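Listed below are the residues making up each chain.
Protein chains: 4
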Amino acid sequence: MNSWGDKFRVTIWGESHGQQVGVSIDGVRAGIALKEEDFLADLGRRKAGGAGTTTRTESDAPHIVSGVYEGHTTGAPLTIVFLNENTRSGDYRNLVVHPRPSHADLVAQKKWNGQNDPRGGGHFSGRLTLGLVAAGVVAKKILGEDVRFATRITEIGGEKDSTKFDQIIEQARMEQDSVGGVVECRVDGIQAGLGEPFFDSAESLMAHLLFSVPAVKGVEFGNGFEAARLRGSQNNDPIIDSEGHTSTNNAGGIVGGITNGNEIVVRAAIKPTASISREQNTYNFESGKVEPLIIKGRHDVCITLRAAVVVEAAVAIALADLKLRA
Amino acid sequence: MNSWGDKFRVTIWGESHGQQVGVSIDGVRAGIALKEEDFLADLGRRKAGGAGTTTRTESDAPHIVSGVYEGHTTGAPLTIVFLNENTRSGDYRNLVVHPRPSHADLVAQKKWNGQNDPRGGGHFSGRLTLGLVAAGVVAKKILGEDVRFATRITEIGGEKDSTKFDQIIEQARMEQDSVGGVVECRVDGIQAGLGEPFFDSAESLMAHLLFSVPAVKGVEFGNGFEAARLRGSQNNDPIIDSEGHTSTNNAGGIVGGITNGNEIVVRAAIKPTASISREQNTYNFESGKVEPLIIKGRHDVCITLRAAVVVEAAVAIALADLKLRA
Amino acid sequence: MNSWGDKFRVTIWGESHGQQVGVSIDGVRAGIALKEEDFLADLGRRKAGGAGTTTRTESDAPHIVSGVYEGHTTGAPLTIVFLNENTRSGDYRNLVVHPRPSHADLVAQKKWNGQNDPRGGGHFSGRLTLGLVAAGVVAKKILGEDVRFATRITEIGGEKDSTKFDQIIEQARMEQDSVGGVVECRVDGIQAGLGEPFFDSAESLMAHLLFSVPAVKGVEFGNGFEAARLRGSQNNDPIIDSEGHTSTNNAGGIVGGITNGNEIVVRAAIKPTASISREQNTYNFESGKVEPLIIKGRHDVCITLRAAVVVEAAVAIALADLKLRA
Amino acid sequence: MNSWGDKFRVTIWGESHGQQVGVSIDGVRAGIALKEEDFLADLGRRKAGGAGTTTRTESDAPHIVSGVYEGHTTGAPLTIVFLNENTRSGDYRNLVVHPRPSHADLVAQKKWNGQNDPRGGGHFSGRLTLGLVAAGVVAKKILGEDVRFATRITEIGGEKDSTKFDQIIEQARMEQDSVGGVVECRVDGIQAGLGEPFFDSAESLMAHLLFSVPAVKGVEFGNGFEAARLRGSQNNDPIIDSEGHTSTNNAGGIVGGITNGNEIVVRAAIKPTASISREQNTYNFESGKVEPLIIKGRHDVCITLRAAVVVEAAVAIALADLKLRA
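In order, the protein sequences belong to chains A, B, C and D. Reading the first sequence from the start, the letters are residues 14 to 339 in the numbering used here. Reading the second sequence from the start, the letters are residues 14 to 339 in the numbering used here. Reading the third sequence from the start, the letters are residues 14 to 339 in the numbering used here. Reading the fourth sequence from the start, the letters are residues 14 to 339 in the numbering used here.
Honestly, the hints are just simulated from the structure, not real lab data. Just so it is clear, the structure is predicted and the values come from calculations on it, not from any experiment. Hints may contain errors.
Identical chains share a label here; the pair holds if one copy fits it or two copies do between them.
As the list claims (entries may be wrong) - Result set (EDC-like, lysine to aspartate or glutamate): computed pairs, CA atoms no more than 16 Å apart in a straight line: (1) Lys302 - Asp254; (2) Lys302 - Glu239; (3) Lys123 - Glu256.
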């Protein structure tokens, strides 16, 4: 479905090379000061342009087309659109007959009987995340200033020392390859008690949104997979005060699916960009044979760089929805 | 919320020590042969009794109370209840004033203003997963016989050699401790094209349900977190035939959020049981001090053993919902 | 779907002659005093037994099976079941081969490929409304004591003078026939501002629920269909004070889909009971001909009498959901 | 909420005097031929311009901004926007301090704490129904050519003779007043078996949508309120063939909440336009007194004329959603 959320409901649409991508948000309370400039910082974090990112650049200018009047939200649906400007016309037939490995090219054709828009990945393009980032900005306003996000890349290509990230990415580029990474988002100031048993645990909502972000293949909270390797005596978080603070935070701020007032810690594994410049042998539907494919065009060597703010947005949206439900 | 799913909708209720736990399933097509015995195999896999599990045993007998007539489903809501029989009466006040670390005791109080049912974890008890397992059995009937599940425990306490699992668990029991583990579920025979962009990716739906299962702290698909450490050239799955089969399956059968016809591979990290027999120092709300806590009663040293079938059920429910949406 | 509501979510199940009908309610806040006796008054209003009602009587005893602990709601799903006791065994094959006019017999077969439970209407039985009435009782507790319901029958068989209702019903019974009626529900004390544009107007939610009640064929608010016959100058409600009270209430307390703080006025048209004792000519699927049908068994001459409290319950549930969303 | 539907999901946004109103539709299958011209006929029926309608005219040109590629739908969200061009700037402060009777002016303020967009009714404007009409066009394509709609106005100002409608409207205009009416929509060719018990009866879904249309105050199916005045022997529809056709169609094609294969008959009561030119006495929040109000600007004397196609669109959307669920 193209909408998500119960009380903070986000609806998105668009294609990579269509006229626009957009987002409409329902459930934004009236009276929040909001202007287009407010989106620029986070949109800038998502933007291509640095090392390791594609050379396709868009203005990514947000246009508020409904829900704001005289500089504040009105309570009615808040809609923001982004025009697609820097699209290259061209022949996309190759994506159809010789689909890229680990891209949505083939599944999109199968799902939509070959009627999908193939240009630049169509609806499966990472460009759709512009709407998520915009919604994330609004979500953070709903969460309020006492809620602070700290998002960082903890791994690239298996390396945890951030000073080596540039080098790893450059090496991959030189080898016409790509690298994956891990994004960690920490959120301080979330009240205890968020999460709706049985099915809408705080983890369920965050994971649901995170796994809708292209390239995310794993999600964990607190110790996550490492918890599976620990003893209970190591992984348990003793409570130390009447507010429920714990001496450790192995749970990542969530117990029984409910926030416990400690810092939220969530990590998302981002796979290496599927588009790589080097030759790949993959099935050609026209010839009926496995044949070499060279993917032309503009790629991100390390999409993790741009995904960090998208992960943060997804976490913010889920937490805003949880807060408004409480 | 206590219901989940769009076309295969599961609603659950109950408490650990209340009268019953139950599940009602909407969207089950008419005419599926179904009797109470059909649930016993999976319920048996969830059941306590083996090494590493609690000594509280229940008959766990499923009672179909609606939706079946003359041995087949009718199309109307299918409801199955389980009576709680082997509940021990006793004083649960200690869970309120001296809540167990990493248990839902405290968050339940905070969320529900101290009005929650504290007995045995109340609504947060793992006993609620009986309904999930029952729904999973029905989900597998909807998926059909061509869809085959293979679920296994791939790690316990960090050890991947399954011949050593018993020993690790026994060691933990001797030390009055508990251990976590990893459950892997593989599903063969899932058609290509399942998943509903943008927000309801196949991964999103499975992860949503999996993170509603108590003790799950991480979920990954295919290479998962390992993908974040690979190059694109290593992680990409070349297509080898017109059906979309790939020579490798690093994606775990899902690309762009859509199933691609290859085997689904999903893993869930299960934290070590929070209830351990050894003494823990944690906050006492009556005394206002951190004090030693001894948790009495019956615990699972390794809940992963019983969680495996619950993970399988969650995956099956999500896939059934996806199939019915397609 | 068998569940309805966003914040006050009601799920129902059961068949007329199955083991039980039940309801599970999610979104009930913790700490509301609730015992089984609280349901008896409204259940009694729904009960058969008076003139114009069926002679099938059930104890209709409500059993709270989850969500209440020590006399108050816990915040977890609240589940109430009713056992089916006074079911007559018998041959229901006639309902299949010679379906009753204006009953669900035939559509149930078509929808569910002949696998439906035909006994007593199965899932389409009015007995399912037990769960609605129970949920209505809880909804009224959520709305609070300042919200007062006044529900009455304004018409039976076209007659608006209530002193003649008994006579009209008796006349219909003598003629082996049935009569319809109109139920009006007025609700005082509802705050202004309830209703969620665009699609979830206050009227939309009430009408949605009301049209799920068997036999309801029309719903109107305030002047309703009469408004269509008026001039604007006659139908408009001038505002007379700062709280938004109006000198007239032609709108029935709802403007622009939003409650305006005046009394809610809603009416539901209840068709005459489809089951009548007199002979009807209708298609026999076995013979392939239109043939006389005599419906045996116990019927309500005027189901409107029992439907009044169901209408009230539906209105209460919708208003509770709207209140909790606000 | 600003979205509606389960399988055919419509999301709308916009304000009367904002930049645009729009609609995004999820669940449109891939491969339907669709171009902007396809919307013009129905948009034309909604358009102002004839006798009895406002003199504000807009081009109402539909712009497809996502979901269509090379002349057919792609399976991705289909989005259509309408630019607001003919908006008159001006002072809307009067709507705030001296709100119009039976308009949303006051409830919008109360709901959104005075932060609502007051210009031309803001989000409560009938202009939002542009999106509904566009979605209705798509819904009719999904229903297919065998499904035929016949929509007509059966009453204006209480008069059922359509040859007198013009005269009644002209009379009202002369008297600076407005008139209401009744719209009837008949739909032929709907298959039996649509409707999802218990809560999503065919009537519930149509009524839900119809009551989200501004000015609708009553909805009935088949005999509707007249059924409440009949005997069962008069209102029952005898079945006459194996397909379930009935000799009469008092049920309006729906029994037990499920379509029975006969013609769908639904009527909506449209209240007289609240905006009238004549003076009205109503509360002034600035002076704190009831004072005469003259509403300036452009009004529809009989909004029923333009509402007919909106009613048809709402019915079509509900039926398309029901069809896709089946």
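Tested hints:
no.	hint	result
1	Lys302 - Asp254	between (66 Å within a copy, 8 Å between copies)
2	Lys302 - Glu239	neither (43 Å within a copy, 30 Å between copies)
3	Lys123 - Glu256	between (52 Å within a copy, 9 Å between copies)
Checked against the numbered hints above, the structure violates only hint 2.
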